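**Q** These are the residues of each chain, in order.
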Amino acid sequence: MLVVRAIREQDLDGLLALAELVGSGMTTLKPDRKSLGQRVEIACASFAEQIAPAQRDYVFVMEDAALGKVVGVCAIKSAVGLDEPFYNYRIGTLVHSSKELKVFSRMDTLYLSNDLTGCAELCSLFLHPDYRQGINGKLLSKSRFMFVAQFPHLFSEKLIAEMRGYQRADGRSPFWDSLGRHFFKMEFDRADDLTSLGKKSFIAELMPRHPLYVAYLPQEAQEVIGRVHVDTAPARRLLEQEGMHYEGYVDIFDAGPVLQARVAELRSLRESELAIADLAAEEAAGEQSTLVATTRMQDFRVIAAPAHARRGRLALTAQHHELLGCRAGDAVRAMPLNPKKHHA
Amino acid sequence: MTHTGNAMFVVRPVETADIPALEALATVVTPGVHTLPRSRATIERAVERSIASFGAQPDIPSDESYFLVLENAGDRSIAGTAAIAATAGSSGTFFAFRNDVLNQVSRDLNISHNVHALTLCSDLTGYSQLSSFYMRDRRGAGPEAALLSRARLLYAAVAPHRFSEKFFASMSGITDDEGCSPFWEALGRKFFQMDFLEAERMIEGARNRTLIVELMPHYPVYVPLLPGEAQAAMGQVHEEGELPFQILSDEGFEPDEYIDIFDGGPILQAHRNALRSFSHSSRRTVSGDACGDERTRCLVATARENAFRAVVADCICPELSDSVALDGAAMRALDVVAGDSVLCVTL
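Protein sequence lines correspond, in order, to chains U and G.
Here the working numbering is used: the first residue of the first sequence is 1, the next is one more, and so on.
Here the working numbering is used: the first residue of the second sequence is 1, the next is one more, and so on.
Derived from the structure by calculation, the hints contain no laboratory data.
These figures come from a predicted structure and were not determined experimentally.
Incorrect hints may appear among the rest.
Said to hold, decoys possible - Derived lysine to aspartate or glutamate pairs resembling EDC-like cross-links, with alpha carbons at most 20 Å apart:
| hint | chain 1 | residue 1 | chain 2 | residue 2 |
| --- | --- | --- | --- | --- |
| 1 | G | 166 | G | 44 |
| 2 | G | 190 | U | 223 |
| 3 | U | 102 | G | 195 |
| 4 | G | 190 | U | 20 |
| 5 | G | 166 | U | 100 |
| 6 | U | 102 | G | 254 |
| 7 | U | 341 | U | 330 |
| 8 | U | 99 | G | 214 |
| 9 | G | 166 | U | 223 |
| 10 | U | 99 | G | 195 |
| 11 | U | 99 | G | 254 |
| 12 | U | 341 | G | 198 |
| 13 | G | 166 | G | 254 |
| 14 | U | 99 | G | 198 |
| 15 | U | 102 | G | 257 |
Let the sequences and hints guide you as you build the complete structure.
**A** In structure tokens form, the structure reads like this:
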């Protein structure tokens with residue numbers, strides 16, 4: 001049985017082992033003991049509410065309870081862009097029109113922006129390859145929305161998630177090749193490495209400061225703006241189910257989309273509900289999977305269980321209680337794992 | 001066709017009687033040259049405007065436009081045209097792309113490099129603009145080509161208050177056999193949504209129309225983002241423009257700062273102090289022809305604002321004297337007599 005829970009200091013070794021599997025492309029999970037150690041420290045202080053809300057970094061691990069092993073990780077960073085500038089391109093529109101010539105050109109433009117400064121970021125999601133099955137990925141990704149639903153006051157700005165951008169089969173980014181390359185004179189991987197070292201803002205200093213017309217870019221580069229990497233498409237769908245959406249902000253390197261939502265727009269704010277946990281002798285048959293979360297910030301926990309809240313009560317097995325670290329009579333927050341199907 | 005090398009040519013202001021000849025010229029002009037009036041109506045307008053401009057007494061350069069013709073003094077045929085406008089943006093703002101260098105620096109990464117960008121600008125609005133240069137027989141042209149082109153600047157030297165201190169001339173950029181411009185394809189087409197020649201036709205070759213600011217990009221265009229073909233076309237002159245480009249370069253014009261917003265052709269520009277017709281010309285008094293002394297091939301222009309005329313002449317103009325000895329033919333062509341004042345500059 002799997003549980004997603006607030007990270008603890010003793011999870012560092014497990015996290016490090018997991019980070020070894022990540023490979024390149026994920027900038028916030030490099031297998032480096034020192035930087036990961038710092039991150040865990042900040043995360044623990046965040047859940048303990050020992051540091052200011054804007055500095056918090058809520059890191060969650062997914063644990064295989066039977067083995068006591070860390071098999072997944074995800075995080076919510078409280079606010080981006082407060083230490084160093086956070087850059088995106090915003091897709092804007094400029095209309096060029098001449099009545100005299102009867103020409104009306106609606107042009108997409110890329111504006112370098114810091115608009116998303118201060119937003120909370122969903123990031124650092126990684127699931128051990130052996131566990132990529134069933135509803136595990138959903139549980140890991142969506143557990144964060146349960147946290148936000150429980151503590152909405154901590155997320156006053158928008159919530160965002162940067163999605164990995166489109167790459168060709170050979171791993172090259174058409175957007176980078178047509179744009180960034182001309183301004184950095186370095187390969188994408190090198191730029192990406194610098195980004196992971198926290199030097200993204202330095203790189204942005206080299207980016208065009210003036211708005212760019214999308215029409216200047218080759219067709220291939222135009223087409224990938226706002227498109228995700230093939231491997232990232234499922235992750236995007238999950239976030240979209242939860243109310244996140246693309247509003248025209250993209251990564252300055254690979255033009256991957258930024259998904260965003262105001263907290264009030266999240267499904268978890270509307271559809272999750274508090275209930276009293278009851279002890280059930282066995283798992284309910286025929287129930288849909290439900291995300292069940294505890295209501296404490298310290299040792300926040302989420303599981304997926306076949307259960308359904310009725311009249312403010314939720315029946316859970318003893319094993320579920322154990323995973324959640326709660327007892328009958330405790331308050332829990334519950335939400336169906338999958339959104340209701342909307343039929344036309 | 002007779003060889004024109006020895007013919008006497010004179011540059012003079014256009015007259016109403018020239019209209020039929022100009023109309024005939026316009027029918028043979030190649031598509032790339034866009035500043036020459038084409039239709040009867042536009043030719044008539046240009047001629048009327050020129051006559052009014054020469055007749056005007058402007059305090060400051062305004063919307064005057066002076067249209068000159070190259071006349072074969074032998075058969076009185078029109079061999080070419082050239083014009084100069086007092087200000088380029090007289091009826092609006094004159095737009096050009098300025099070649100800018102944007103310096104991008106990241107101190108922390110210790111990287112610094114320059115990015116070439118084109119910025120839509122109106123810098124040239126107040127400049128005087130040379131335009132409509134056309135030679136009927138471009139390939140066989142002799143010194144009369146330089147005479148025709150530079151006579152405009154000699155007139156500006158004679159009547160400096162009618163012109164700006166700065167001058168420019170826009171050269172046609174490169175196009176292929178179908179009249180397709182690689183620079184236009186990469187830029188203008190995106191905004192105008194039409195072919196290059198169609199756009200030129202609609203805008204009548206002008207660069208001072210409001211619709212330009214309505215349609216063209218206001219933000220710098222980063223050159224590295226343009227296709228290679230378009231980049232290669234920037235600042236390159238159409239083969240039709242090689243002769244005037246050479247003449248004006250020799251005169252002292254510089255091509256590097258601006259390019260045309262449509263076809264990327266070079267825009268030659270200069271302050272008058274850099275131009276030979278200003279800095280190397282001298283005002284001299286005409287004396288009767290003399291023999292024996294060494295003759296220099298010069299451009300000689302009348303020093304009067306009205307009935308302006310200019311010729312190429314082999315004349316005697318000693319450095320330490322302020323007179324010039326002209327032969328009878330030159331004096332007749334210039335319509336001057338001994339004692340009159342002229343402007344001379346070596347060819």
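**Q** The structure should be examined with respect to each hint, and the outcome stated for every one.
**A** Outcome of the hint check:
1. 166/G to 44/G: Distance ~28 Å between residue 166/G and residue 44/G Cα, so the pair is violated.
2. 190/G to 223/U: 16 Å, holds
3. 102/U to 195/G: 14 Å, holds
4. 190/G to 20/U: Given that 20 Å is the threshold and the Cα spacing comes to 48 Å, the pair is violated.
5. 166/G to 100/U: Between residue 166/G and residue 100/U the Cα gap is close to 31 Å, so the pair fails against 20 Å, i.e. violated.
6. 102/U to 254/G: Violated, at roughly 37 Å.
7. 341/U to 330/U: Distance of about 30 Å is beyond 20 Å: violated.
8. 99/U to 214/G: It holds: about 9 Å lies between the C-alpha atoms, which stays within 20 Å.
9. 166/G to 223/U: 46 Å, violated
10. 99/U to 195/G: This hinted pair holds, its Cα atoms lying about 18 Å apart.
11. 99/U to 254/G: 36 Å, violated
12. 341/U to 198/G: Violated, because 54 Å separates the two Cα atoms, which is more than 20 Å.
13. 166/G to 254/G: 12 Å, holds
14. 99/U to 198/G: Cα-Cα ~16 Å, so holds.
15. 102/U to 257/G: 32 Å, violated
In summary, the numbered hints that this structure violates are 1, 4, 5, 6, 7, 9, 11, 12 and 15.
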